[in-house]
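Residue-level listing of the chains:
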Amino acid sequence: MTVPRLFKNGIAVTGLVIIVLYVLIIIVSFFWLPFDPSEMNSQRLLEAPSFTSGHLFGTDEFGRDILSRIMKGTTVSLVISIAATALGASFGILMGIWAGYLGGRWDNGIMRIADVLFSFPSLLLAIFVMAILGENTYNVIIAIGIVYIPQFARISRGSIIALKSNEFVRAARSNGAGRTYILFRHLLPNSMAPIIVQISLSLSVAILLESALSFLGLGVQPPEPSWGNMLSSARKVMMLAPWTAIYPGLAIVTLVLGFNLLGDGLRDILDPRLRNVR
Amino acid sequence: MGRYVVRRLLSLIPVLFGVSLIVFFLVRLIPGTALEMYLGTQVEATPEQMEELKRIFGEDKPVPILYLEWLGDILRGDFGYSLRTGRMVLPDILSRLPLSLELTLFSLILALLIGIPLGIASSLRQNSFGDFVSRIGGLLGLSLPQFWLAALMVMVFSRFRGWIPMGNYVSFFDSPLQNIKMLFFPSLAIGIGFAAVVMRYTRNSMLEVLQMDYIRTAKAKGLKKPSVIYFHALKNAILPVITVTGFNAGYLLGGAIVIEEVFALPGMGRLALYAIYQRDYPIIQAVVMVIATLFVVVNLITDLVYALADPRIRLDDVVR
Chain A
1 MTVPRLFKNG IAVTGLVIIV LYVLIIIVSF FWLPFDPSEM NSQRLLEAPS
51 FTSGHLFGTD EFGRDILSRI MKGTTVSLVI SIAATALGAS FGILMGIWAG
101 YLGGRWDNGI MRIADVLFSF PSLLLAIFVM AILGENTYNV IIAIGIVYIP
151 QFARISRGSI IALKSNEFVR AARSNGAGRT YILFRHLLPN SMAPIIVQIS
201 LSLSVAILLE SALSFLGLGV QPPEPSWGNM LSSARKVMML APWTAIYPGL
251 AIVTLVLGFN LLGDGLRDIL DPRLRNVR
Chain B
1001 MGRYVVRRLL SLIPVLFGVS LIVFFLVRLI PGTALEMYLG TQVEATPEQM
1051 EELKRIFGED KPVPILYLEW LGDILRGDFG YSLRTGRMVL PDILSRLPLS
1101 LELTLFSLIL ALLIGIPLGI ASSLRQNSFG DFVSRIGGLL GLSLPQFWLA
1151 ALMVMVFSRF RGWIPMGNYV SFFDSPLQNI KMLFFPSLAI GIGFAAVVMR
1201 YTRNSMLEVL QMDYIRTAKA KGLKKPSVIY FHALKNAILP VITVTGFNAG
1251 YLLGGAIVIE EVFALPGMGR LALYAIYQRD YPIIQAVVMV IATLFVVVNL
1301 ITDLVYALAD PRIRLDDVVR
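As given, the protein sequences belong to chains A and B, one line each in that order.
The letter at position 27 of the first sequence is residue 27 when you use my numbering, and the numbering goes up by one with no holes.
Plus 1000 on top of the position in the second sequence (first one is 1) and you've got my numbering.
Since the hints were derived computationally from the structure, they do not count as laboratory data.
There's no promise every hint is true.
Pair by pair, the computed Cβ-Cβ distance ranges are [to be verified]: (1) A:R105 to B:D1310: 50 to 58 Å; (2) B:K1224 to A:S174: 56 to 64 Å; (3) A:R173 to B:L1029: 23 to 31 Å; (4) A:R105 to B:V1297: 21 to 29 Å; (5) A:R105 to B:K1224: 52 to 60 Å; (6) B:P1064 to A:D36: 50 to 58 Å; (7) B:L1068 to A:G103: 51 to 59 Å; (8) B:M1088 to A:P34: 37 to 45 Å; (9) A:P194 to B:V1006: 26 to 34 Å.
These numbers were taken from a predicted model, which means no experiment stands behind them.
C-beta: ideal position from N, C-alpha, C; glycine also.
Next up, chain B with everything else stripped away, as it sits in the complex:
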């Protein structure tokens, strides 16, 4: 297991290096430099001032050197300064990160709580009416635009005051109950599509496992049905669900971007959107870099959990 972890950790390096290349050079594709955008068309600067500004904006050097400097900076946690407010980017991101992570986590939990039981129930009564309804419901869940659902929620619940506490965001550590109340519906809007995915995977995987010989053996030796289902079948059927859960955590994080906007929650997504509307590239670069890193790390954790749950993956590694 140790060797597997190390090998997977090392594989992160080239991927994150590639991500940083994309984030840095794509922004360079934009016509006009950050400095020109900062100055706009109105501002006049003397040649001396221009030299100084160019140095501050780091435009006095060739691009590859700038990239290496930028890479060095972000490795030390320095994401530069916002073009609009002049504030450092990192503290802004760090103060907004917890909300986005919480939203992602809540929606993940909701999705699993809805998806797994429905998937199991559906697989146990295959081809029944209930199975049919939950399969169609699953497809419908996949087809709902999260932001539309969120907008409908805002529309409906604004008529029932108190359902969604409006006003400023309250951190979980200040008032857990208020915080959960605030994030429940946004999380539901993000998570419902994913609940559908979880349901479908649980169902298909259960159906496959329930056909296995060892399930027949377990039944034949007289084990009670719940014991067969939960200890023998579910334990094995849950593996693909773990994988799809991990790989979709990032998708939920992406969903958070839109939902934060609809519910006016001050998370990272809103910061990113604001930065995009304002063409504030240091912030855009930083947010994309941070989310991509989180995404890659979550995928890595998923792989490790999977390896922990399924010894065959580790064995495979040893044999090789």
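Next comes chain A alone, as it looks inside the complex:
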């Protein structure tokens, strides 16, 4: 029922199209790239974008092709974003639904942990975790995942609490359904709407967080290209060669916008309260 409505929602479809395009870029990049993204060329340092040279987005300070590096970086960004969101969502949702369902002491204990994690601005928490774990791609996933745990915990707890006093839960219980069964077969599927919206928004924020971390030199380490660390090295040369800073940034903005459009459209579709408003 939701899927056809998704396709009628222009905003969500636009977002979906952008995301699919990026996925296609990833698939293509496995088989073909305009240039070798790590091949340096001292003859063509900081060359401006041009058709004739084949460097459509120009070259960076080592003469590497920027388009190829952006295409290669797409995989890094998207994999980090998906893995971090999956990590944060699975731990957060598990914590949240048990807290919400069991209530009492469990609820209190679990949610106090979430409160503490919530006391750090997300970028600061991610930076702090990176400083402790050390800078590499896997740790970026862990750092962003940790940032997401309390967010998912709060949202899923809220919707479980709103649901658990419903008739159908009592009916299931009187039919002899166990706690775990009720939680995972009845409550969780019914509370997916806000969680799905949150997942979509988390995917977008993860890309921003990853690029900020890499920009600060705390994320994906060169020579592996990521959009953030491309911007980081562009800082030194962007006055001479603006394209080194412009294109990786545009890549971030477009993909993040894609997830935001999808998230916004999904919210329209899944949140009946807002549906009446619009």
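Knowing the structure of chain A, use the given hints to seat chain B on it.
Then chain B, alone, in the frame of chain A:
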């Protein structure tokens, strides 16, 4: 209200206690102790010197005792010494805090000045072209990496000398105009994404409120449109905007960390980054602790302002 304030203030204690646990013990997870890092691999120390150093670095006691001592120290405002410079950490933080706070405050003000009017305008012409443009613009604002925007600003304005005064940071109290000129673009880079958030919340909340019966009543009894919008609708629609503003003040503070780096402003964020690059853990601990405390306090203030603006929250408390 009094009881509500007290209860909320007390709820800060366990949270800050938890924060201090995380800040202290996460740093302990790092392989190697602070002392080993201080000595590096080159320096040789005699056993007696080692004993002395261990005492100075507080590594002669079990970890839980060290935690309690550290907690006692920071409660008295003693954040220890930098591993690199040997200077006390607290004065360094205090001298950099005002800039970061100013940056946060400016970006908050800019975000509200941009976001609220756009949100109202958008809600009044729902589904018009302008509404559509500002909704897409809002999503675009959410999608812009702050540091990229900042870098582009530096890139563009370096060609127009004088737009962003370069050189050393001037405090607001020394030269307000110069200070504001200096911080305007950095604040804009931090605030623009948040302006988008404010716009979206204002719009949605206005749309919800405008459907309410009392708005129809107000219109029906012949009140002028501006009066209905600003006195009846906005007053109620602004509540969720207050909440989201407060909860995002910390996010703006986090944004300040990156933006200070791009604009080379000597705030707390730059201190934190420097400390991270140098593995100067006392400074990292102190900065994280200070920012988290600020964040929690701002959230508390938000809750109190909310309670002040919406009597139902206080009533709820009394009934319970």
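These are the hints, each one checked on the structure:
For R105 of chain A and D1310 of chain B, the Cβ-Cβ distance of about 30 Å falls outside the hinted range of 50 to 58 Å, so the restraint is violated. Between K1224 of chain B and S174 of chain A the CB atoms are about 58 Å apart, so this pair conforms to the stated range of 56 to 64 Å. One distance hint, 23 to 31 Å for the beta-carbon pair R173 of chain A and L1029 of chain B, is violated here, with the actual separation near 43 Å. Checking the proposed 21 to 29 Å range against R105 of chain A and V1297 of chain B shows it holds: the Cβ atoms sit about 28 Å from each other.
Between R105 of chain A and K1224 of chain B the Cβ separation comes to about 56 Å, which falls inside the hinted range of 52 to 60 Å. A hinted range of 50 to 58 Å holds for the C-beta pair P1064 of chain B and D36 of chain A, which are about 54 Å apart. At about 33 Å, the CB distance of L1068 of chain B to G103 of chain A disagrees with the hint of 51 to 59 Å. Taking the beta carbon of each, M1088 of chain B and P34 of chain A are about 54 Å apart, not inside 37 to 45 Å as hinted.
Taking the beta carbon of each, P194 of chain A and V1006 of chain B are about 33 Å apart, inside 26 to 34 Å as hinted.
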